[in-house]
Amino acid sequence: METRLYVGNLSYTTSEDDLRSLFAQAGPVVSAAVITDRDTGTSKGFGFVEMTSQVDAQKAISLFNAYQLGDRQLKVNLAKPREERSNSGGKGYRGF
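Number 26 in this note's numbering belongs to position 26 of the sequence shown; there are no gaps in the numbering.
Just so you know, the hints here were simulated from the structure itself, not pulled from any lab data. The C-beta atom is built at its ideal place from N, Cα and C for all residues, glycine as well. A hint or two may mislead.
Unchecked claim - Computed list of lysine-lysine pairs in PhoX-like fashion (alpha-carbon distance at most 20 Å, straight line): (1) 44 to 75; (2) 80 to 44; (3) 59 to 44.
Unchecked claim - Simulated restraints, written as ranges between beta carbons of each label pair: (4) 55 to 75: 17 to 27 Å; (5) 33 to 70: 26 to 36 Å; (6) 2 to 83: 18 to 28 Å; (7) 62 to 39: 35 to 45 Å; (8) 33 to 67: 13 to 23 Å; (9) 41 to 62: 24 to 34 Å; (10) 33 to 58: 18 to 28 Å.
Model the full assembly from the supplied sequences, consistent with the hints where possible.
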């Protein structure tokens, strides 16, 4: 079963290839994504890595949580399920 990891405190210059290469040391990586700002395209400083198994995901957490990548100390843990968002279209309170 594939397991998704949250990776926080990324340097804004970290690429998806950087993440994939780092986490491949713990086991096969299904996907790696650095989350970017929709308008500017710049990194938001966090991402997600999907590992092929729970065992590999736990290994990645133990290897890379508090790992120093560049000038930042990573925060790695199991990703929480994505919460449903209301469809307010960004208009704020009650759609106004």
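A quick look at each hint next to the structure:
A hinted pair counts as satisfied when its Cα atoms are at most 20 Å apart, and residue 44 with residue 75 qualifies at roughly 14 Å. Proximity of residue 80 to residue 44 is assessed by CA-CA distance (about 18 Å); at most 20 Å being required, the pair is judged to hold. Restraint check: the Cα-Cα separation between residue 59 and residue 44 comes to about 25 Å, which exceeds 20 Å; the hinted pair is violated. For the pair residue 55 and residue 75, the supplied restraint of 17 to 27 Å holds, since their beta-carbon distance comes to about 21 Å.
Between residue 33 and residue 70 the Cβ separation comes to about 18 Å, which falls outside the hinted range of 26 to 36 Å. The hinted window of 18 to 28 Å between residue 2 and residue 83 holds, with their beta carbons roughly 20 Å apart. The beta-carbon spacing between residue 62 and residue 39, approximately 36 Å, falls within the hinted interval of 35 to 45 Å. Separated by about 18 Å at the C-beta atoms, residue 33 and residue 67 satisfy the suggested range of 13 to 23 Å.
The beta-carbon spacing between residue 41 and residue 62, approximately 33 Å, falls within the hinted interval of 24 to 34 Å. For residue 33 and residue 58, the Cβ-Cβ distance of about 20 Å falls inside the hinted range of 18 to 28 Å, so the restraint holds.
The earlier numbered hints that this structure contradicts are 3 and 5.
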